[in-house]
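S.K.: When you get a sec, could you build the whole thing from the sequences and use the hints?
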Amino acid sequence: MTTAPPPPTPVQLMDGLARAAAAYYRHFAEVAAEQGLTLMQGKVLSLLRRPMPMRTLAELLACDASNVTGITDRLEARGLVRRAVDQADRRVKNVLLTEEGERTVALIRAELMSGLTTLGQLDEDERRTLHGLLGRVFPQA
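Residue 1 is where the sequence shown starts when you use full-length UniProt numbering, and the numbers rise one by one after that.
Just so you know, these hints were derived from the structure itself, not from any lab.
Here the structure is a predicted model, which is why all the values come from computation and not from measurement.
Some hints could be false.
[To be verified] Cβ pair distances, simulated, as ranges:
(1) 55 <-> 21: 19 to 27 Å
(2) 84 <-> 109: 18 to 26 Å
(3) 122 <-> 90: 43 to 51 Å
(4) 8 <-> 74: 38 to 46 Å
(5) 117 <-> 78: 26 to 34 Å
Here a beta-carbon is modelled for each residue, glycine too, at the ideal position from N, C-alpha and C.
M.R.: What follows is the structure, encoded as C-alpha cells:
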C-alpha cells in the first residue's frame, strides 16, 4: 500500500507562490519589453482597468508617488495614458488609458496568455478552485 505524501507546509506553499510570481513577472517583463515598456510601465498600464488616482497606483505598486509620476510622464509622452482631473475632487489627478494604451494592454494580455497555456488546460472546477484559493490567500488583491 502506497501512502500519500504529506501535504505541503505553509512555507513550501509560500516558496511555490514566490517561484510562480517570479516566473510570471519575468515573462511579463519580456512581453512589456516587446512593446518598448519597462516592467513598471507595463504594470501601470495593466492596473488601469478604470481611471485611477496616482496615489492609488503608488499604493498598488508599493512605490513612492514620485515614481508613479515619472512612469506616468513617460507613458503619457508615448500617448498610452492621460491625466484627468477627478470630477468628485478637483485636487486629484486620475490616470486613464488612451485608445492606444488600451490596444497596448490588449497586446500584452494576449501575449501573456499565450505563454500561460496551462491556465487554459484547467477545467471549470479547477479554475473555480484556483480562483477561490487565490482569493482566500490574497483577499485584498
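S.K.: All hints are to be evaluated individually against the structure, with a verdict given for each.
M.R.: Hint by hint, here is what the structure shows:
no., hint, result
1, 55 <-> 21: 19 to 27 Å, "holds, 24 Å"
2, 84 <-> 109: 18 to 26 Å, "holds, 23 Å"
3, 122 <-> 90: 43 to 51 Å, "holds, 46 Å"
4, 8 <-> 74: 38 to 46 Å, "holds, 41 Å"
5, 117 <-> 78: 26 to 34 Å, "holds, 30 Å"
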